[in-house]
Every structure is written in C-alpha cells, then in structure tokens.
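Position chain B against the provided structure of chain A, taking the given hints into account.
2 protein chains.
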Amino acid sequence: MLRKLIIICFCLVSGLVSGQKILPIFSPNQQLTLQVNRSLDGRLTYQVYYKSKEIVGLSSLGFVLKKPAVSLQNFTLLGVDTSSHNSVWAPVYGEEREIRNQYKELIVHGQSAEIRVDFIFRVFNDGIGFRYQFPEQTGFQHFIIDEELTQFQMTGDHNAFWIPGDYDTNEYTYQKTHLSEIDATKAAAAEKDIALTALIGPHAVQSPLMMKSAEGIYINIHEAALINYPVMHLGLSGLTFTSLLTPDAVGNKAYLQTPFSTPWRTILISDRAEDILASRLILNLNAPTALTDVSWIKPQKFMGMWWEMHIGKANWPLAGGKHGANTANVKRYIDFAAKHGFDGVLVEGWNKGWEDWFGNWKEDVFDFVSPYPDYNIDSLSAYARAKGLRLIMHHETSGAVTNYERRMADAYQYMVDKGINTVKTGYVGRIIPRGEHHDSQWMVNHYARVAEKAAAYKLMVDSHESAHPTGLHRTYPNWMASEAARGSEFNNAPTLGIIPEHTTILPFTRLLGGPMDYTPGLFHMSLNQFDASRTTRVRSTLAKQLALYVTIYSPLQMAADLPENYEGHLDAFQFIKDVAVDWDEKRVIAAEPGEFVTIARKARGRSDWFIGSITDENAREMTVSLNFLDPGARYEAVIYRDADTADFEKNPEAYVITKSIVTRNSKLSFRLQRGGGCAVSLKKL
Amino acid sequence: MLRKLIIICFCLVSGLVSGQKILPIFSPNQQLTLQVNRSLDGRLTYQVYYKSKEIVGLSSLGFVLKKPAVSLQNFTLLGVDTSSHNSVWAPVYGEEREIRNQYKELIVHGQSAEIRVDFIFRVFNDGIGFRYQFPEQTGFQHFIIDEELTQFQMTGDHNAFWIPGDYDTNEYTYQKTHLSEIDATKAAAAEKDIALTALIGPHAVQSPLMMKSAEGIYINIHEAALINYPVMHLGLSGLTFTSLLTPDAVGNKAYLQTPFSTPWRTILISDRAEDILASRLILNLNAPTALTDVSWIKPQKFMGMWWEMHIGKANWPLAGGKHGANTANVKRYIDFAAKHGFDGVLVEGWNKGWEDWFGNWKEDVFDFVSPYPDYNIDSLSAYARAKGLRLIMHHETSGAVTNYERRMADAYQYMVDKGINTVKTGYVGRIIPRGEHHDSQWMVNHYARVAEKAAAYKLMVDSHESAHPTGLHRTYPNWMASEAARGSEFNNAPTLGIIPEHTTILPFTRLLGGPMDYTPGLFHMSLNQFDASRTTRVRSTLAKQLALYVTIYSPLQMAADLPENYEGHLDAFQFIKDVAVDWDEKRVIAAEPGEFVTIARKARGRSDWFIGSITDENAREMTVSLNFLDPGARYEAVIYRDADTADFEKNPEAYVITKSIVTRNSKLSFRLQRGGGCAVSLKKL
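Going line by line, the protein sequences match chains A and B.
Just so we're aligned: 370 in full-length UniProt numbering is position 370 of the first sequence, and the numbers increase by one with no gaps anywhere.
Just so we're aligned: 650 in full-length UniProt numbering is position 650 of the second sequence, and the numbers increase by one with no gaps anywhere.
Don't take each hint at face value.
Copies of the same chain look alike in the list, so a pair counts if it fits in one copy or across any two.
Stated by the list, open to error - When the alpha-carbon atoms are kept at most 20 Å apart in a straight line, the in silico EDC-like pairs for lysine to aspartate or glutamate are as follows:
#1 Lys-51 to Glu-215
#2 Lys-453 to Asp-410
#3 Lys-67 to Asp-364
#4 Lys-66 to Glu-363
For the record, the hints were derived by calculation from the structure and aren't laboratory data.
Next comes chain A alone, as it looks inside the complex (with noise of 0.2 Å):
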C-alpha cells in the first residue's frame, strides 16, 4: 500500500510542486506516513497513515483571516524541503534524564491571496506534528486569525475519551463514548460542579483527545507550544474534528504579526497504549528554555492550609470565625510539613479579599501583599526557613488578570522580600478584560508572562484554572505544573466528584501536555466530618492515592490531606515521604484509558525505583516483572496494596503494607480492588 502510494506520486521538481501529491514522507522506523497533498483547486490536505492503515483521512488545512479580510485555503505551491533529525537532549528535571528527538520534517512552501505561508510537518515514531508558519515577507505583517481551518478527518467511529469544548473551564469529568455519540452539551448539563463555563456547542470538545479505533489503535490529537495563539478546540462533523479557536472579547482569534509560527497540532499514533504515555513528542516539539540559570529551579514535595478548607473544617476568609490561615494553624502544618521532611507549606486564605472575591465581575480583589491581622507571614516564613522548608505563595486572581497585571511585580518582590519562591496561581471566576476567556490568546500570553516574570525574580509557578498545557515547561522550566483539568478537589464536590476511572484517563489526556498539580495524597476518605451538608467522598482506596504520585507526573506534588489525617497512617505515609519528585526513567508497565495505568519510575541521581499502579471501578490482578532493575542487585520492596477487603466505596482506607527482596528476575503480583492501587517503593540494597 505504501509502496504504491509512493508510486502514484507526481515527480518532485525542484523548487516547485504541480502535482497532487508530494513525496510521502514516513517516521524514521516506517511505521507512520504522511501524504501531503494538493488539490487542482490548490486545497492542501494531509493524510496519515499507520502501518499501512489510513488514520487520518484527507484533512484540509488554512485559515480564513479578518484582516487582510482573505481567505487563504486554495495554494500554489512555491516549493518543499525535507529533512532528518536526531538529537538527544536533557529537561531541566523531568520523567526521564534524556529525552529523544527525532523525525522526518517537511516544510511545504505555500502561497495564498500572495500571502506566503510555511506547512511545517515532522513525522516522529509515535505521531506527527505539524505547524503553519507565516515568514517574514513584504506586503504582509500584521494580521487577524479569524478561523483556522485546519481538520483532522477520522476514519471510524473510534471509541473517545473527551471533555466539552468550553473557552473557561477544563475541569469537565471525561465522557467515554464513541465519536457518532459526542454531546458535549449533555455532558456539560450534567455537570454541576464548575463554578463557570463557556461551552461552545454540542459536538465541540477539548484536547489532549484520546481516541482508540475498533482495531485496537490509539489515536491523540493534541497541541504543543501554545505560545501568542488561542487554545485551538475540536469541531466535530460527521468524523472529522475542525480546528475551533477560542476568541476574544471582539470574536477574533489572534492578531499576529510575521514572523509567526502556530502552535504545532500533533497527533499521536500507536497500537500499544503504554507508546501514548510514554511519547515525548509534544515536548520535543516545544523550544528549549532561554533561561541560562536553571539553578534556582526545585522539583518539591509540599503540603499546605488548603483541604482543611475545602472540607469545611476552616474557611478562606478572615470573617466567619474558620479562617485557616492563621498563624497558629499554619505552624502546625510547618511542624508536621518539617518532620517528615518537605520542602514547603501552602497557605491559601493568607491575605485579604476573600470576604468579597468571587462571583462579580470585580476587578480589584486582592492586591497580594496585604496579609490577614491574624496570619503573620515574617514570623511564619523565618520559622519554616529555619526548619529547611518554605512557604508556598497563593495568588488567587479571581479571574481579575488586569488587576494581577498591575500588581505582580509588586507581589513577586513581596515574595522574595518573605523568602518565598514559588506561587500557586487561581484563575477562578470570569476574565477581566471582561470578554477575554481563561483559553483566549490574550490570556495565553498572560500566562506565559507570569512565567517570564516569576524567572526575573527567580520564583516558580504553578498555576490553576489556566489554559490547557502543551509542553511548555520545557520553555519555561520555572512554570513547573498546571492544574488544568478536574483536580483532586473535585472529590469534595457536591455532586459528581471523582469518579474512579478518572485518574485512569488523565495520562492519556491532560497530563500528555504536562505535569499537573493534582494534589494526590487524601487519607481521609469521608469528607463530612466537618461539614454534615457535604455527602460526597473520596472515591479512591487509600493505597490508589499513594500510586499516583507515580502514575501522575509532576515535579510539584502536593500531600493533600491534613496532618491529623496522615499522623494515623504514618507507615502509609512514608511511601510518600520516600517517593521521588524528579525523575531519570520511566517505564510505563501497562497501561489502558479508562482502566488501568502501571508506570515505574527510576528517581533521578538515585537507584531507587517506585512504581504506581491504579485501576478504574473494576478489581483487576496486575503483574509487573522489575527487569528495569539493575543486573545483579538487589532491593527492597515496599508494597502499599488495596487490603482484600478493600473496596472504594465500602472500604476504602484499608491497606496492607508487605516488605520483600526483589531482583531484576522478580515479578510482582498484586490484586487492585475496585477503585484501587498499588504503590511499591524499590530501594537498592
């Protein structure tokens, strides 16, 4: 079949293309190819073949844009270069110590309404990626995106693991249905628990978008280096999903100016789903970091006043009589955060505004330097400092980004004023500039200058309710983790919370992008202790809780619960004192969305290994052989397992904790329980 597609091909002739189809271009083990292909009209679409199957049918590709007020779908071509690459390279920290990069790249020469534009296309091993590029050119420089019309043509009713398109929210439970069966509109009716949404439509859905065809393929179509562009979301027609970029106040997309380059639309190809976890093509696709210093960049562990919050036992606010932050409460967390050897306390509800922050629109909220009487930061700072860890900043914007604006610098040298050095940043509630949303172009460069500005003042971020990640913390190493998606604080929501298969589907999803500040770590799993009007619970084992912080890469990994909650586990808890935060291998076990994730990781500068592994509402028995250990060694192995009798939602803080020697000959077995996990640390002897 590829042969003769090679075949068919009209003659490459230097320096200009007439025919229908440009040489095929295939990854460098063969696997995939991608057919670039011209229409007698001049329409460019593209296709991608799999070992010979067609996966992504002829899609279209351009733009229509508002101003020059063209449309830029019919090309001629001018030319086209191809080339090979293979490199090595090494992250800042990360899930591995090296990463590869390597494809096949063509660039297609094109030119529209005398508007030149580049179709940059690289075909990997495990998927392709391809961008469009509009080079510096006379007659055109400035320009407004009003659509982009770039497709991906499916081609079956593939089983999908989707969000609803929303301009404001990526917080939606994940629906699993085939693609004739997407209503995003039903999904988001049903969802009760997102404080704001912007749906777009019926058949519009998110990325990263998992997808697996009847054959058994895995298929993700995703984005990376979302850099100056609105977050792109997927129009469904029939099967073919259509680039939908999310506007701005005034309904534009982008204004741009050349030189210009998109985002890269990627899509991931395997018939082995552990290939889609382990795929690093969306961060080879993202630039290298500009920052030279890299030095004052931590992965850490932390805990913070946070959850106490969210379960009723304390409050944000100053008024009411439960706030949090104060500065006896937040010791407690120090000692106990101290102890068992973390690197920094979280304080959320430190600094006044919540009384009147959330729900109107309102501009200036907080300004970020004004702590709450009770809550007295230098004493609580010097004394964390003093115990060999940190406070972690909170900046909660309320959706109010111009009032942010205005004041970071002011914030961000507060912060090192405190000795503090990293942010959590929130996004809850409406954007102001009213009109822009949390996925608008505006927005995405919001979020990138507060990871620009945080590195001049040597701060790291990590952010909440932001934009979907696309591979950016390879560019901006300092911004290490995104929320981004349903996080562990949905399991005190009021009425869906997290369901099991959840954190089975996250991998496939929205960690593809990059890490996320999930917050695993609840022990605790009946929330109403504090609050009787809450019913919801933690759907979860307490052995499942400690598995992800294997199976869910992030170098900021938050302990979640309270320490009254982890001080009667403390032989559960270790496993989270010992697990690692930054990484020098991985090595995804076994792996199915929607069921079941097992991924060992190597932690990085150590011999030590730690492997997670989780499953959906299903029981499930799970064997991993430890022949990524070193030959001839030996390790003990920690096993943190679902109790026989555990079960998420009859029983779920029952664990058996079981000690062995284990060799690169061994294999572990172990039953996870409905809604359960296992996590095992490896320690060489």
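Chain B only, in chain A's frame:
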C-alpha cells in the same frame, strides 16, 4: 408662577412622601427652581425653571440593571432631606484663587425593586447638578448597569453646538444646528481627519453640549466627577436627550458595588453667555484632592519636539532619516526654551517603537524606557536642568493600555531617575483590552489610575486622547490637563483643519470640564514649507494665537511652534513669555459661542492682568473696560492686535504691537480681524 408651584405641592410628610410633587428647591439667588415629581405609578421626574421659565421639562430618572436583572423606574419614596451649603475653597492652581461653593441640596430617598437609591440634587445660582447614590444596604451589593435612563427634556428647538456621539474620540469639529437638525452620522462622515471613530448613531452627541434658546437662554449639559463609570453621551429623541453610557466589550455599562455614587449630571443655565464661562459648578461638584503634599505640582509653560513632526520637517521614528528627537535637535529646543524662560521641553519620538506603532491593534509597542540611540536622555536631562528647566516625558500608549499598565511603574521610576516630572500620555488607536473604548468604565478608571500612580511618583500628567474632562483636576491636581477635544494639531489635518469659530466654542463646551492642552502659539501659518503634499494651513491670525493663552485656560501651556518660527517674531513672542499659567482671578468680558470670547485674567500672586480676545471668521470691534484694575494704579498695557490688513486666510501673520498707560477708568478698543484676535498684557507700574 413659582408661588403657584409651591401651592399645588402636596405636603411633605416627615420621612415619607406620598404626594406627586416634592417641595421645589430654589437656587440661592432664587432664579432657578428645581421641581422633582413622582407619578402615580412611581416614576420620578425632575423639572428646572429659570426665572419662571421651564428650561428642563418633565425628565425621567432611573436605571435598568443587568445584574440583578431589574428595572429601577418605579420608586417608592422613603423620605427627603434638604440642606443649604455655602463655603469657599482654594484650588491648588487654577483660574481663581478662591472658589465659592453655594447651593441648596435636595436628597430624595427612593426604593425600587427592593433596592434603595438616593437622588441627590444641588441647585446653584448658575445651574443644577444631580447624581444617583446607591447606599450600602442588605441584599444588594454588586450590580451591573445596563442603561441609565436619565433624561434632559429641552423645551424648545434650541440652537446647539455639538459633536457626534462617539465612544472613541472627542476630536470632531463642532456643529452648529437646531436640535431638530442634529445629524451626527452626516457630520461624522464629513470628518476625514480622525484616525479612529466609534460613532454611536445619527442622534447621539457628546457633552459638554452647549445650547441657546430662541429667548436667549444659554443651557449646557455635562457631567462632573466622572469616576468609576463610563462617559455619558446624549441620545436625542424629539427634544429630549437621554443618557447613553459607553459600553464595554460585552455591552455592559458599569460594574459597581455599594456604596456608590454616579457622576453628577450638570445643567448650566443663564441668560448671559459670560455666566456659563464663569461657572464653577462642575468644579464644585468634584471632590477635593486627597493629596496632602501638593508642593510638587507646578503650572508650566513648555515648548516641544512635536509640531515639527506634524508639519513634516521631522518624524517620530528613527527609521526614515528624519528623526526629530535626536540629541542635537532637542538641545536646540532646550537652548531656546531656556533663553526665554520656559519650564519644560516635551520630546516626542524619543523611544523605540515608532516604526510600527499604529493601526494594527498591537499590544506590545513601546516599553517607555528605551530611548532611540541618537537621543541621549541623560545628557539632555542634565543639560536642561542646568539651564533651569526639565524635559517633559512622552508616553504614547497607542491604545495598548494593558501594556502601559504593566509598564507604568518602571516607566515612572525611569522618569524619576532621569529627573523628569511631567508626562504627556497618548491613547491613539483602538484600546486594548480589546472591545473597550476610550470612554468606557475601564478606561475611565485607567485615567484615574494613571493620575494616582503618577502622584505616587510626584509626576504631573497631561493626557491626550482621553475621555472628556469633568473637573477631576480638583481631585487629581497632578492630572493637570487633557487634550480630549480637537486641538491645535488639527491645524495640520489634511481636510478640515481648525475652523476659526472652533476656539470660540471650546470655552462653552470642552473647557467647562477642565484645562485643555490645546497647544496654541503657532506663528507660521502656511505649513507646506516642509511637505508639499500638505495643503492645509493654520486658520488663525498670529495675534489670535497669542489671545488663546488667555481664552483657553490650562496650567500646562505649550508654545507649539518651532524656535525658528518664533525667532522671526520675538516681539510677539514676548506675550507668550509674559503670560501667566496660574491665576488669581478671571473676568469674562464678553462671549458668544461660535462668535467671540474675551476674557481677562489676573496672574496668580502678581498684579499683572492679561486679556485675550478672539473672534470667528468675522471681523468685529471689541471694547474692554479695565474697571477690574486696582484703583489708583497705573498699568503699562502692551496690545498685540491684528494689523489692519490681517486676515486668517489672506494675511494671517500681520500684527501690530502698541503700548500705552492705562488705569481702571480706561477702555481698550480694538478690532479683531477675520479669524483674528487680540492679546493684552497689563503690567502694574
């Protein structure tokens, strides 16, 4: 008539009014009467009488709110309060040393849709002001204004001096028509010289709106103390104007929180045109400044690297070979300005970015801290200060206000570091946040933020392309002047330019709101000496240019022309050198909108007086009695008048300077030629 009105009033019951008419309120001089009424269905209206004649007919009051979605039109009356006020206050700088603030006040406490609204009316001798106040109350805190329903029902088809209602510009040429003839669309279509417009519609005009009734009564509608609220435009239907608030990006008008008071709606009324110009009503309705140290705020006279760019001798960008703001050229300005006793030299085009600054809704244009390499700001600033003056900074935002707000702190610190204490701001272009307008609430708040932030750095502000002034220079005395109208720069506009009557209308319209940086002082009337493509010329005589320094009040007055153009007329230039920029006293000698204005002013802290007299395109004789001079004192009068052959079209630069000795018994008579004027300095001997 007035007596009868009182008689038909229902009685005022303490705390609750159930009748239809609320006790009328009379101005201190008894000439004005305010009548507030409540219809049977609860509609509140007001009427204004002047010397027993109804000037404002039954006019509605109220709001439609977007959130909560209620209409505030039918009011229950909870009570009324009345009081009198009479005091004197001293402005930091101004047209008078002391200002009397005398009025009768009526507060009507109303309630609609369970929301309490207070209507505050103040009746002065020369007009009324009223505002809405939303007091702090249970169950109503945050709200969004959809429409303000304030009406101004005129009682005749008056002659009106108006410009088209426009959310983004107030730089139109004034139209002079009857109310029934207002066609803003047609007027705007004739305007070719404004870069950005957002016309409201055929029957919307801007305030200050000047009118004259058939009986010769002068009526002016405007607003005072425009804070945290959008600019009010005026929509005409029949003879009734209704408030048209400027919308934001999503169509809302204002986001508010109790306690809140709207700006004052003002109506000046007199049968003497001179009273309109003498009115202090708008200033009295503004709040005193909160600044305690105002010692750093200094009225100034300045020259600038500016007009030579407008007329094509030089240009703003470095590229193109005509960069005006180069060190040698600015030094030439400093030398000339220092020699002639000026306080400052404005430098436009000093900073990087002018090569690509306008027309593309581009956000990151200027950084406000990067001088072009041929402009040595350090040496020039030191040079200027050694000569007793200072550079004046220029911050053109190009409408990218988010960018400016991000950089304001650095930009102001940069000014402080460079020894510069005055900044001219500019807002040429479409506003970012996109969808906001120059006149929307967010921008109104921005201008105030600039004033406040600048005050923190002890900087004085001169804003161009900002919203119409409303007396805020009382509250923010460092926000010394605005352009905010068609200024002298339009003398170089390709088509209409500045017609002679324009400057006789400005005092009755734009100037009622506050000082204008009109930039008078053009001596060279044909502009095509540097650019043959330009066919416009200054439509003024040279003597009129001098008179503008008195007829247009501003504590920041520019001598706008080039040094070389003053060199040839140093005898006339002497008036610009002599004229004050801060005053003890103002006498409006004679005025008629669209025809002529003659004003005498006494320099602050000195015995000298200055007179400015200007006319439209018609020549006319003017006689000024000098009875304001000190008894028994002799003054040297220097009279700068149009030559007998002067004519703004045929012989604009012909002037005559005469000297004489005068006393308070003297009368000065002179002829204003077509488009001409006369300036007089009176120095006490």
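Consistency of the hints with the structure:
no.	hint	result
1	Lys-51 to Glu-215	within (12 Å within a copy, 92 Å between copies)
2	Lys-453 to Asp-410	both (11 Å within a copy, 13 Å between copies)
3	Lys-67 to Asp-364	between (34 Å within a copy, 19 Å between copies)
4	Lys-66 to Glu-363	between (30 Å within a copy, 17 Å between copies)
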